Amino acid sequence: MDADMPLLDVRDLRVTLTGSEKDITLVDSVSFTAGAGEILGLVGESGSGKSVTALAIMGLLDMPGLVVSGSVRFRGRELVGLSQRALRHVRGREIAMIFQDPMTAFTPVYTIGWQIDEAIRAHEKISRRDARTRTVKLLNEMGVPDPERTANRYPHQLSGGLRQRAMIAMALSCNPALLIADEPTTALDVTVQAQILDLLRGLRHDYGSGVLLITHDMGVVAETCDDVLVLYSGRMAETGPAAALFARPAHPYTTALLDSIPPLTGPRPARLPSIAGVPPSPAARPSGCAFAPRCHYAHASCTTKPPLIVWEEQEVACVLPTEGHALPPRITAGETP
Amino acid sequence: MLLVLLKRLGQTVFVLFGISVMVFLVFLATPGTDPTSRIAGKNASPQTIERVRHEYGFDRPLPVQYATMMKKLFITQDLASYANRGELVVPELAKAAPITLSLAAGAAVIWVSVSICMGTVAAAFRNTWIDRTLMMIGLVGLSIPVFWLGQVANLITQARFHDTWLFSWVPGPGYIPFSESPLGWFRALVIPWCTLAVLFIGLYARILRADLVSVMDEDFMRTARAKGLSPLRVLLVHGLRTSMISFISMFGMDFAQLIGGGALLTEVVFGLGGVGRLTYQAMGALDLPLIMASVMYSAVFVVLANALVDVIYLVLDPRVRDGR
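First to last, the sequence lines map onto chains L and V. Its first residue numbered 1, the first sequence is counted upward by one per residue in full-length UniProt numbering. Its first residue numbered 1, the second sequence is counted upward by one per residue in full-length UniProt numbering.
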């Protein structure tokens, strides 16, 4: 493998829903790269195309009417347009996925251990007994208490946190190079959330996997990610290293998302700032900047679609920096930048 | 486990008691059913009527009559028919039961296996011409009346083509006991089996297809695909296994009612003297002992079938196992 080649290189990914009178673009020209051992956060509100992007990478979008175009290169190999048969060998073994709701993501009629064994045996020719040994070892590494007994339990007998740990164990069972985690903590208690995030952070050291973390929670991103990509209505709003993006966000949407994190120190605000309005549905997306209708800074030049420009360490799809009105850096009380 | 069995047994006894009381009372409340005058004949003298009434115990209070009938049915098993003097009811039922059981069991094997295949294939190829064709065939089977299909089958195998190589192996209408000749038993029943199964195949295939299609949108199916499993494995191991619930519930009910006499039309068309035909004759003659015996018999099977379905649930779904 080429040393400078990124693990995952997504270029101009576009997902279009055809069939009705007008084609609807769910994901519009999204590009990003993810390196080995890196955690990339994919952030946006519901409906911003985060999950669709993830499913498109996995090749799991094969519903009739959905067209995926652009390029997804994984270790230099093009995944878009690859046959389902070939994709099967990538799924689970090279790119694994964790889903949002651990309650429904396991098949209810089989034990956790059986399902992890199944994942291992789908890709490797090993005996049932060896697969189970590895399953128990993985569960143990994921901090599951009494892994041997837990492996023989059914999904409904476990708590949400344990199930999500088992889910991660299953995803890691074949030592994938990339792990896509689709809102892995959304359905969990806050304390369990923190444990799961710790686990994800540990993966890059212990397994060297790259992680694509999909979330709507900027707090989670701040705690976990190296790089961030902010999506809005299926388009890229801003992308860059997490530290830079948190210190001086260039897109008003990023700023608004950051403002909606409750401050850890200082006086407690009576009301958290929220972003007025709702994101446009992909069918009713404005022709110019998609965020303009909800943006405080919207003006005449926002009626044309802003190109992605390089600004400081980030790339941003907003006209403000080029017009000389870049947003001020954020100074949050109690935080050292 | 023992407790569950005992509970189930208690329920069964309760259900049987309720049904028997109901049949008994409905029979007495039905006009024109006075058994005395039927047994004594049309122009019987008052003395004869009185004698018959006393002999059969119709002059005693109702609860005593009921208790006597239950005792004769379950304990001494010498309950005699009202219509055919001296004919014992229990042996007659015992003679008819294996015929119905053979018919229903064979048909069930066919309809379950064919409908699972049809439903699964249709769901796998949903919204394609394969799906539409299979569901259309199922609908046609569902709509054909069983007596008509049976007659046509008889016409083809017994009359039109009976002398050709194609159907010369089909014996004449009627039942051949398994103990007498297993091959003969099979030959005599295979056409009735298929005829009876056609009705259910369409229905069961449609139900299974609908359940499978809805289960395909479940998160765990996506997880299974994301693990890199083959589409066939995802469909059969994860999808089919989890979508069998309504299929099994329906099967329990349908199978029980067939064994309890629901296969009447098929039995009549193919000349099989099963429970359905026996009950039908008893109804025609308003023969209370026979009606009582066959209703009790069906009730036992309905309860048994329900118990069996519960056990299958326990095996199939661990959530049910913990639920109790």
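The hints are simulated quantities; they were obtained by calculation from the structure and are not laboratory data. Among the hints, erroneous ones may be present.
[Said to hold, decoys possible] Listed next, with one range per pair, are the computed distances between beta-carbon atoms: (1) His299(L) / Phe125(V): 23 to 31 Å; (2) Glu21(L) / Asp219(V): 28 to 36 Å; (3) Met283(V) / Arg121(L): 26 to 34 Å; (4) Met63(L) / Arg8(V): 40 to 48 Å; (5) Arg8(V) / Leu60(L): 44 to 52 Å.
On a predicted model such as this, the values are computed, not experimentally measured, just so you know. Ideal Cβ positions, reconstructed from N, Cα and C, are used throughout, including at glycine.
Self-check item: Violations among the numbered hints
Solution: 1 and 3
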